[in-house]
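Enquirer: The primary structure of each chain is shown beneath.
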Amino acid sequence: MLSAVTRDLLLSLRTALEALGAYALFFLRLVTETPRALWRFGLVVQQIHNAGAHSLVIIMMSGLFVGMVLGLQGFDLLERFGSEESLGTAAALGLLKELGPVVTALLFAGRAGTALASELGLMRATDQLAAMEMMAVDPVRRVVMPRFLGGVISMPLLAAIFSMIGLFGAQLVGVQLMGVDSGQFWSQMRGAVEFGDVMEGVLKSGVFGIACSLVAVYEGYHAVPTAEGVGRATTRTVVISSVVVLLLDYMLTAVML
Amino acid sequence: MRQTRAIELGTGLFVLLGFAALFFLITQITSREFGFGDAGYRLSASFEQVGGLKPGAPVSMSGVTIGRVESIAYDFNEYRARVTMRIDGAYDRIPDDSDAGILTAGLLGGQYVGIGPGSSETFFADGNQIQFTQSAIVLENLISKFLFSKAAEPPAEETTEESTP
Chain A
190 MLSAVTRDLL LSLRTALEAL GAYALFFLRL VTETPRALWR FGLVVQQIHN
240 AGAHSLVIIM MSGLFVGMVL GLQGFDLLER FGSEESLGTA AALGLLKELG
290 PVVTALLFAG RAGTALASEL GLMRATDQLA AMEMMAVDPV RRVVMPRFLG
340 GVISMPLLAA IFSMIGLFGA QLVGVQLMGV DSGQFWSQMR GAVEFGDVME
390 GVLKSGVFGI ACSLVAVYEG YHAVPTAEGV GRATTRTVVI SSVVVLLLDY
440 MLTAVML
Chain B
45 MRQTRAIELG TGLFVLLGFA ALFFLITQIT SREFGFGDAG YRLSASFEQV
95 GGLKPGAPVS MSGVTIGRVE SIAYDFNEYR ARVTMRIDGA YDRIPDDSDA
145 GILTAGLLGG QYVGIGPGSS ETFFADGNQI QFTQSAIVLE NLISKFLFSK
195 AAEPPAEETT EESTP
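Line by line, the protein sequences give chains A and B. Going left to right, the first sequence walks through residues 190 to 446 as our numbering numbers them. Going left to right, the second sequence walks through residues 45 to 209 as our numbering numbers them.
One thing to keep in mind: the hints can contain errors.
Stated by the list, open to error - Below, a sample of chain B positions facing chain A; criterion: calculated Cβ distance under 10 Å:
no., residue
1, THR55
2, VAL59
3, LEU66
4, GLN72
No lab work stands behind these hints: they were computed from the structure. Where is the CB? At the ideal position from N, CA and C, for every residue including glycine.
Throw the hints in and build the complete structure from the sequences for me.
Expert: Structure below.
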């Protein structure tokens, strides 16, 4: 009885380790292919369009509302200490360092990650990837790499757009609606936010971009070639990406703070 | 062909917007100033106590920011703190007998260096040192001084009571 439980435990541990190893090897493969893929930039541009430009509307809408909520909540909290002028600082730091990269990554996993995974999964299910191999075209090189790089390049740009729009949202609520002094809002922000804070956000969103894109292309590429398998790959993409992003966020914050 | 160009146009707009956002965040939100060409000149001053002054804090005359604190180091020759400031090149007519003090903006604000103009006919040049300085006020020292002087005074009420009968 007990031995059966331990055997099950060991087995699932082994499966988890195998999955981690497979991820690491796949990532290594993608990294070694990167210079060659950058050479054929036309394909990457197409994927930046798919992953980045098509996510623009949802990112901007979410950024605006997150910023507006931040303005309301921040004002309510800071008013208790009589320092509502610090709203700009609080909103800017919150958006740049945390909300911008993390929320963008989660939205990206939901919007672009699922699209990538189901596209690759369907290619697998309809034997398109096998057909490429038959024609001596490496599907990783031709199909996976541009999608991976498109996601990696898009993410920091999307996060920057998110932060900027969010800041305008916070300013809209804080200054226009709640009556925080506009000059105080911007000047306190300028005094407190440093160049390193912006770079921290960029670095974070870069790491999240790599993680989300890797999960999406791995799950799609290794999908079980059935209708159910593609569906499961899509679900797994969102679940794994979200958990990995939040985990990485904690680790990066702990290192950089 | 037409479709490819539409995609390229869309992608180009997206990338442009992304970098514009990044540029906005770096230049408008942070206090970083990108000096092109004119880097200004350096002044230094030594203080008994710098308090909470930090590199990057403003240097101001009559409330106008004329430069920034570049570095703060401890000088073992003088046993005082040495503050190096970078002054904007446009403000090149500061009399060389001006004084510098470390002041606090508002009750809870950050500390900055305030320069009060002297009356000399000659002006500071690159690398000069400000001779007259006033240290930052440390609240604890102020309170202890106040309590000490209070304790040294003779108790006021008792003397009046003794003299009345």
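Enquirer: Of the hints given before, which are not true for this structure?
Expert: none
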